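**Student:** In case you want the letters, here they are:
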Amino acid sequence: MELDRDRLLWLYERMRLIRAFENRLHDDFAAGVIPGFCHLYAGEEAVAVGVCAHLGDDDFITSTHRGHGHCIAKGVPVDEMMAEIRGKVTGCCKGKGGSMHIADVDRGMLGANGIVGGGPPLACGAGLMASIRGTRQATACFFGDGGSNQGTTAESLNLASVWKLPVVFVCENNRYAETTSTDYSIGGPDIAGRGIAFGMPGIVVDGQDVFAVYEAAGEAFRRARDGEGPTLLECQTYRYFGHFEGDEKKYRTRDEEGHFRERDCLEGFRKTVVAGELLSAAELDGIDEASEAAVVKAVEFAEQSPLPEPAECLDDVYVSY
Amino acid sequence: MELDRDRLLWLYERMRLIRAFENRLHDDFAAGVIPGFCHLYAGEEAVAVGVCAHLGDDDFITSTHRGHGHCIAKGVPVDEMMAEIRGKVTGCCKGKGGSMHIADVDRGMLGANGIVGGGPPLACGAGLMASIRGTRQATACFFGDGGSNQGTTAESLNLASVWKLPVVFVCENNRYAETTSTDYSIGGPDIAGRGIAFGMPGIVVDGQDVFAVYEAAGEAFRRARDGEGPTLLECQTYRYFGHFEGDEKKYRTRDEEGHFRERDCLEGFRKTVVAGELLSAAELDGIDEASEAAVVKAVEFAEQSPLPEPAECLDDVYVSY
Amino acid sequence: MSERELTYRAAINEALQLEMRRDESVFIMGEDIAGAPGRDDPEMVDAWGGVMKVTEGLVREFGPNRVRDTPITESAFVGAGVGAAATGMRPVVELMFIGFMGVTLDQIFNQAAKMRYMFGGKAKIPLVIRTTIGAGFRAAAQHSDATYSTFVHFPGLKVVAPSTPHDAKGLLIAAIRDDDPVIFCENKVLYDTSGPVPEGDYTIPLNSAGHPREGSDVTIVAISRMVNLSLDAAERLSAEGIEADVIDLRCLSPWDENAILESIEKTGRLVVVDEDTPRCSVASDVAALAATRAIGFLDAAVQIITPPHTPVPFSPPLEDYYVPDVDSIIAAVKATL
Amino acid sequence: MSERELTYRAAINEALQLEMRRDESVFIMGEDIAGAPGRDDPEMVDAWGGVMKVTEGLVREFGPNRVRDTPITESAFVGAGVGAAATGMRPVVELMFIGFMGVTLDQIFNQAAKMRYMFGGKAKIPLVIRTTIGAGFRAAAQHSDATYSTFVHFPGLKVVAPSTPHDAKGLLIAAIRDDDPVIFCENKVLYDTSGPVPEGDYTIPLNSAGHPREGSDVTIVAISRMVNLSLDAAERLSAEGIEADVIDLRCLSPWDENAILESIEKTGRLVVVDEDTPRCSVASDVAALAATRAIGFLDAAVQIITPPHTPVPFSPPLEDYYVPDVDSIIAAVKATL
Ligand SMILES: Cc1ncc(C[n+]2csc(CCOP(=O)(O)OP(=O)(O)O)c2C)c(N)n1
Ligand SMILES: Cc1ncc(C[n+]2csc(CCOP(=O)(O)OP(=O)(O)O)c2C)c(N)n1
Ligand SMILES: [Mg+2]
Ligand SMILES: [Mg+2]
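Chains as they are written, first to last, in our numbering: chain P, 755 to 1075; chain E, 755 to 1075; chain W, 307 to 643; chain D, 307 to 643.
Bound-form chain P, shown alone (with noise of 0.2 Å):
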């Protein structure tokens, strides 16, 4: 793998914001002042980051309901998110999405997405346009183990593979949705042989790795942008939180949590790096600061800008009407 400084700064980077506002938005969850439905990201950084890694601003990524580390991770300003999170004008969509609906699509994310599996076929269109273009761009297509199951999301794995679209499917296997455990929903041995009985390679990774993560998507962009078609990466991850801001978790032990943890990708990142002095403690703990000060400029940003005027409830429904 050919991963240099600046990359391997980059991931970790992108990793630690990502948990840094989650964590804080978890905190501020608490406090009361988010509302609406918040569903986190802690614990599956490496899943984003590994596979945003491999996109430019003019690639695509389409997003699930737990959003924010794609939005990150594909370079969304976090000013901007929180605001929005916030609902709050100066948002990246005004106040209008939220947590749900966080998008971007200047940065080319496509949107968090409220409706499990309504995110595969949109990323067949993004896909869609650069095939019939002849551009070289690729989408990542991320949903999770649950969203697996949505006859939404078969569809494009058999549409992506029969029009060979430049489409990375990105499963994030934190095995859970909402209370149900992959091992009731999930009908076969695992995701990734959907993939391959839908005629692309499918490839269980390590999500908890992002060094395997990237390794995996590398291949997959790779394959995507030379026109051999889609992939699916099934990355076996778990949230840290609960399913939303608010779930108490009982469908679940502490020690299989506990498990989890000690896989952690920010600290497994830390280990490898630290241990292969490819990047130095003080280098990452330098990240870990500006990672929090970040945040808390994000809240400050947030906190300080205004909430939309009423009325602007009736813009934005279409361009003309």
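Rather than coming from a laboratory, the hints here were simulated on the basis of the structure. As the structure is a prediction and not an experimental result, all values here were calculated from the model. Note that CB positions come from ideal geometry on N, CA and C, so glycine has one too. There is no bait here: all hints are sound.
Heads up, simulated DSSO-like pairs for lysine-lysine below, C-alpha to C-alpha not over 30 Å straight-line:
hint	chain 1	residue 1	chain 2	residue 2
1	P	1025	P	1051
2	E	918	P	1003
3	D	359	E	1004
4	E	1051	W	428
5	E	1003	D	359
6	D	572	D	640
7	D	640	W	572
8	E	918	P	1004
9	W	359	E	918
10	P	918	E	1004
11	E	1025	E	1051
12	W	640	D	572
13	E	918	W	430
14	W	572	W	640
15	P	1003	W	359
Covered by chain D, according to a simulated footprint, are these stretches of chain W (three or more residues, beta-carbon under 8 Å):
hint	segment
16	400 to 408
17	594 to 604
Place chains E, W and D with the ligands on chain P using the hints.
**Tutor:** Below, chains E, W and D with the ligands without anything else, positioned relative to chain P:
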């Protein structure tokens, strides 16, 4: 395979009756006496019959737009079918459904379906009923190669798999969905593999050979009734006529048609049972004649039956309103 | 003698419990309606009881065979409800939010709704789909719709939207016993509201309207949570000497047209309050009913209060602007006078 | 100088052709819109040109990259249209029959329609979904709906339903150039009808009404094929001295409310003719418009002519009973006099 004389006779009778019924409709459509869309099953008889041979009156099937063969195999009387297809009040749906919605719930035929992919969820429901009640009733779910791409089908495969529903999914892979060849539309090496990916046996079956279908379906229904869960049978077959009546079949060659006509299920059956001295040619000839006669009688019944009164349009929407 | 009070949530839970006890063919399914499916650990059983906790406790009484958590496959499990209903069961399926209808509409609109008709009356589909409607949760555009109009439009479906715990229980029991498919719309914002609910079972006809307040000056026809706002508006109007006749349009299809027409005859003025968006809505139907069958009685233009023709926005001030409020109802009433 | 006549089908085909020539970002997709996808044999190319032959010939000119046959996966390919539109293309997607909306509604209702709004106006979705509506083909309950009301109900969508070849071409070109998602409803029964269609490109505003006949006695507002029936009715009424003002409501959302209101002001009488089923329909909207904004001008109860609240039956006498006819329109007009 334990196929006694009666069973052999039944298989041939049913296949032959379907063939006669569909050939007659082909002619009648050309003559302009059949209203609406008409999708004929000729060529695929071995599939419906080999599958339904394992079903009793209290078992269920779900069907497709190409449903006549399924009806006949499940025991729906051809008189009522022909009357329905002609829009007569004596039809099995009192003229309200027509060819595309032909049904007979009392005989476990849960309806042809105008929606590709409409049937599989319904089949899960019939299976669920049996599963919750703990009966040994089984359900066969017919769908096409085209239908195998529909999200509802994938969802149903998964649901039946995780709930171990007593459903046998029968994909009638007749190589085309309208004009679209499976070479174009099916991602992955075959359709059977999708069953495996969703956690059930997925088996490719020669759908021109009623014995092969009968045998594969036998094991599948045993599994289903014994609580071992669903099976996907991909039966490779061919439709002799166009997608619907009026279709010029420009998307395939006469050569290809000839190739499949050479592997006709009725001819194949005849050869096997006569060579094996299981049934005599004369017996089979007798069935041929009886089938033609039954269809003539069905047409007479239909022709002599009245059309519904116009205002019956208003009935049967609700049980009460 | 003090009447027993229950929340809207508890009233629905009780209706399910009573019907499941009464009739073996009733079962419920949906995503996480029990929670932690497949786990034996007694600490985990009933981990959620539904995202809104409406089905809490039922899995403990009836077990996972009749209280079924589903994978996220609305087409398959709603369709399984249709298939189970066609073959003799009485499924109650939870569609978590009405905005999720899009991933399963075919099974509702083309299968459940049309099956009986297409089959010449030779099938019945005693299916209930429970779903949640309504804005106010800051749940944004895909989780806040109140788009029951979509279902009212389709022949073959029945649609109800109770506004009180009492009606929720009685209508749900009626819906479960009914032999046609019923879309049962629960307003999320009402779950924590309380009201008197009789013990034991009772039913409310699926084609009836409620009449929570009598008055002779103006008719207010309202749906679901809008009934509560309309009653508040009526209180305030009463203080000014304006007496509103409030019709609770709890049954949307079929609906009690006569209740509306009789009230208009009495008052000569009509205000319609609906939380669904305005185009092709129940609100339009009510106004159209007036235009086609009560025109001679109308003394003023009909007033319709609905959200604007926009999706539901996220940010609190935007969402608050979106949902009709008491002031707008009062203004509409005054505009008819 | 004789005007060129084209069929409704050919007019639509021409609109697609012109726009595909003009703008590289326009492409079309749907099931069998060319036919025999993937086959090189020149005899097979364009084997169908769409189930209704509307797209015939386009694959020969534009090739399979821009004229894409799809597998049967409406959610995936309609959604792919949304995604392609969001990323800079102008897709025209064919949904073979409007009754198939149920397998893809989420991509239309929750994605295409809401995306711009949810994203704070920072996306545009220049998507056209062409679909077919209407009974009369003996195609039974799932292939005969005219349920555009469902789409009119949803904020974020535009909906048009042309009744003439001329309007079909001009509205389709406008729809393709429009930056919002448009549901374009083609009436199957109209495909073989002919009328004058100018050469070259022209657009018709997506919020306009047609006014094919002027009259001062009664307003008839009609949609799609019902316009033709209404004009026939108007002819017969004219023979009796009754002059109908016929409004062709070719644009359903947005719609030209003023055209309707002005006509009612002039005539004082309103008949609405719609092939969609009655509840929560465009017909209700038109009547509601009258009730809310023209009540002072109405001299008679509004009359609404629609099919009954039933699915579409198969058998010819039943289907003929289902669809509104000229006699029923005439009777409705007379009831207003
Ligand atoms: C169509 C649809 N069904 C149900 C839901 C409710 N819901 C939101 S998130 C979720 C679980 C999703 O699980 P998964 O795909 O594994 O993603 P994760 O939450 O684990 O990241 C469910 C059921 C929804 N939003 N959309
Ligand atoms: C949801 C839906 N999409 C499209 C159609 C139109 N259609 C009817 S049959 C058919 C082809 C079906 O192919 P397949 O499933 O292989 O069945 P076959 O006709 O070969 O028996 C299509 C596209 C439909 N009826 N329903
Ligand atoms: Mg998950
Ligand atoms: Mg086929």
